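Chemist: Top to bottom, those sequences are chains A and B.
For the first sequence, the numbering used here gives the first residue as 1, with consecutive numbering after it.
For the second sequence, the numbering used here gives the first residue as 1001, with consecutive numbering after it.
Hints were generated in silico from the structure; no laboratory data involved.
Nothing here was measured: the structure is a model prediction, and the numbers come from that model.
Just so you know, even glycine gets a beta-carbon here, dropped at the ideal spot from N, CA and C.
Treat the hints with care, since some could be wrong.
[To be verified] Far from chain A, some chain B residues (derived; all Cβ distances over 12 Å):
#1 Asn1121
#2 Phe1162
#3 His1166
#4 Arg1427
[Said to hold, decoys possible] Examples of chain B residues lying across from chain A (beta carbon under 10 Å, computed):
#5 Ser1013
#6 Ala1100
#7 Phe1102
#8 Ser1112
#9 Ala1158
#10 Gly1234
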Amino acid sequence: MEIDPFIFRLSIFILSIFVGYYVVWSVTPSLHTPLMSVTNAISSVIIVGAIIAALSGSDGVVFSSSSIYGFLAIILAAVNIFGGFLVTQRMLAMYKKKKKDK
Amino acid sequence: MSANLSAILYLVSGVLFILALRGLSSPETSRQGNLFGIIGMVIAVTVTFLSVGNFSSGFVYVLIFLAIGGSLGAFIAYRIPMTAMPELVAGFHSLVGLAAVFVAISAFINPSAFNLGTPGNIKLASLIEMAIGAAVGAITFSGSVIAFLKLQGIMSGAPITFKGQHLLNALLLILIVILTIYLCLTQSSNLFWILIAISFLIGFLIIIPIGGADMPVVISMLNSYSGWAAAGIGFTLENTALIITGALVGSSGAILSYIMCKGMNRSFFNVILGGFGATDQTSGNQNKEQRPVKSGNADDAAFLMKNASSVIIVPGYGMAVAQAQHALREMVDTLKKNDIKVSYAIHPVAGRMPGHMNVLLAEANVPYDEVFELEEINNDFANADVAFVIGANDVTNPVAKTDPQSPIYGMPVLDVEKCKSVLFVKRSLSPGYAGIDNDLFYKENTLMLFADAKKMTEDITKNL
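So that you can see chain B by itself, here it is in the shape it has in the complex (with noise of 0.2 Å):
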């Protein structure tokens, strides 16, 4: 195949991946867009075995390892739980880091293979644009493996953080900087490879202060420089599909991240520096004075849902935990053939990832235009008859609103407390993950349900 045609076919499927994109600007058009994604895929992946043209024993064993790989990542689709997928991004994004460093090795290796020279002799820009995607790949690799065990439970979720973090963070990016120079000078294999090593490094040592319940914003980082470690391997090898496609990737991952502070009012830095919920947790306990709240039974808040007219449901990730996204659709459903309008309010933040609540949410047959952002509904709480919160916390406190002292002061927060009565679904009195107590549990139209979400939930429903 002529280099020019597979150049234009490669175009094709780049302009393919920006339609699957497109797609999910509605969930109507989506399933179309995943569709163009394949297409796009198909077209890049059989464009560049025509172009290499090699179909010796060697093409063999690449459908043998495509087909084991393929099956692998099947299997894992079809039986992955909808509330592991935070852990399940994190994981594949580890992957595509690896799968960057793996290709910058080889051409590294063997750079005829790819027009890029011979070994101690490569081209400059191809060094370059080698070292950068190599680089990137490996602190993807490595920071998405930390965040798949703190997600996973593996490694405590809370930030593990050491005097001098991050001069010391400051200084191995320098070095990359410096031995990056120093291997476009000398061609040295040996720097290559410490040039990874301490790549993987970085990418462990930026991850570990950061602290569980701001995993969304990692995710989403790591997201996106799993983009742009793609968009560096796409210059090395002259490959328009794969310089596009790590643009999108990387602008994408980037809006996230930024969507995700936004939600919970701090900087990208603010995050990325870390440590928070570990510095705060003392300020929440001294003023931790015994207050009274009022609890309640399933029978209780039976009651009070049938009375009313409106209900409207804040999810967060304790929800997940629970797993109660099923049995909180059941009760739902009960209220509903009562008559009682029905929404749901889901903040920015909550959960693990972007768009984790809504997830949930569809796989429990919600239907999505019952499900509302906090724009959309914020101003419906002071007409709403009941808030019934199960396993969000901090986004729901009033404190953010209030108290100029609060870590969390300036975060939107759903307006909760302005409903005549507040369910509160959890399992204590403890804070949420910020450290600080909410305000909501000592309200005087807040009553508190403590139990695991799905067990309430299920015992509030045959109460119904």
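If we strip away everything but chain A, and leave its shape as in the complex, we get (with noise of 0.2 Å):
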């Protein structure tokens, strides 16, 4: 019989998770917050399907009830994206070393 390809996803779901877990748990305490600016970033990636949602009118008809919902989904995960990434990088360029003693 064949494996359903949910299976699969699924697979890549829960290894993934252990994966986070691991991960996470490395992170240094003092990166806490830009650990969750950052994860909040790259949750943003749900653009992918904002994209494919507001692409999906036919010809001719860009706004279509289903496609409206695809650009405000679009606006909403760009603010994410760029805030989230931006802000992170702002903050990491804050976190530095002791200068050494001249």
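Both chains come to you apart, so use the hints to assemble them.
Modeler: In structure tokens:
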């Protein structure tokens, strides 16, 4: 019998939870705030769904009832992607080591 | 672009996201990690454009909306003060949640665009995934909005509780499950809308009973939810990048919630069921007889510190409120010039989100190798001359170690009282969020400095 492709996706999902578990435990506590902002940014990869939804209108019709939700989702996700990565960048740039005594 | 190639590229971007989190294991590798994250995102978006392959007028609009959202995000990212990080993160979580809801709605209205069947005849598995994604997304959205309003001070941080609250929440959750089952049986769009509406309501109801100081747990929990919502949508869209990311973010938020709960010695359910702080206030007030405290001024504090050889600084949420981090660093610079050893001690739940204090200190140019976690530094208090507590309260309360009756008993605390002398900057003697008196105030070796944290720190610097 053939295996449902769903099972493969479920396997990826479960294994990713474990990867996430070990990777996140190794994050140093002083970087927990950047961790939250970067996870925020990457979870906005949901924009791929938004793009598909936005481009789903048939020829000539750009704004159909379903594509409007896609466009709205694109705005929301884009705020998050740019905001999330840039604010993380800004925070990480502030973490400096002690300057060596001259 | 062939479906196989795009699937592989989505996998690549998933791996890059893992590396982005991996980079955060040390500040040196973190910037590179962030870069990996950005590359992963660019790949995912580009692949989506190429695989949809629709470069009609709709594509132009996509770019326009992307630019609008992107510039708004960039603007916020550059303007936001570091003290407002918890609000920002809560706000961003709400956007992910709402985006998940919108994508689910769109997929429900027009399933053929996503290869999920036709309206009214959507594949069963897709429908379940869609319903889960939309429900979790909606809970994340309304929950984060409430968290944002509480953090921003627009809504009171006090827990809002009413009779039958938990029963109501439980009933609504059961209702969601029932609705999902009926949705699968009937494919009715009305049920789908009701499902989303109830999920919004649940998100609202589960966050209102949680008090302001429990926000570190709430933010981490919502972080986790936003991940699960993304994963749910990822299953609907059969997209590996989204599934991997959702799982990563989901477990990341869950671990952070766990760390925060452990920092308060409370179970996750205890926090979620809420109401902490409201009930305990009464017990705190009972034994509030006037005990003598020693209070001093900036001059006394400067004298004590000048004669110390090592000082440990304990920052808390009050430092963030007073924006005192820069003034604090200036004070420490002066101390260091006098050959006094200074380090910082950070409790896991100091502030309103995980790592909040570390970011503020980093902003004030404090080198991160002078900043220590509770376990690393707790033994050093006994050998230090002065502990300078600025804006922290409950996390220093020795009652947590001595009084089994206390609501914070068993919570890991910083052993501040072991220092030769303790300087406690605070605006008044009022108890902290737990509503309990801090024994530290009345200790022989404690000097209370009643003032605004920023002003007091500046005054001390002048007197050094």
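Chemist: Next, verify each hint and record whether it holds.
Modeler: Outcome of the hint check:
{"no.": "1", "hint": "Asn1121", "verdict": "16 Å, holds"}
{"no.": "2", "hint": "Phe1162", "verdict": "31 Å, holds"}
{"no.": "3", "hint": "His1166", "verdict": "28 Å, holds"}
{"no.": "4", "hint": "Arg1427", "verdict": "25 Å, holds"}
{"no.": "5", "hint": "Ser1013", "verdict": "7 Å, holds"}
{"no.": "6", "hint": "Ala1100", "verdict": "6 Å, holds"}
{"no.": "7", "hint": "Phe1102", "verdict": "4 Å, holds"}
{"no.": "8", "hint": "Ser1112", "verdict": "8 Å, holds"}
{"no.": "9", "hint": "Ala1158", "verdict": "24 Å, violated"}
{"no.": "10", "hint": "Gly1234", "verdict": "8 Å, holds"}
The structure is inconsistent with hint 9 alone, although it conforms to all the rest.
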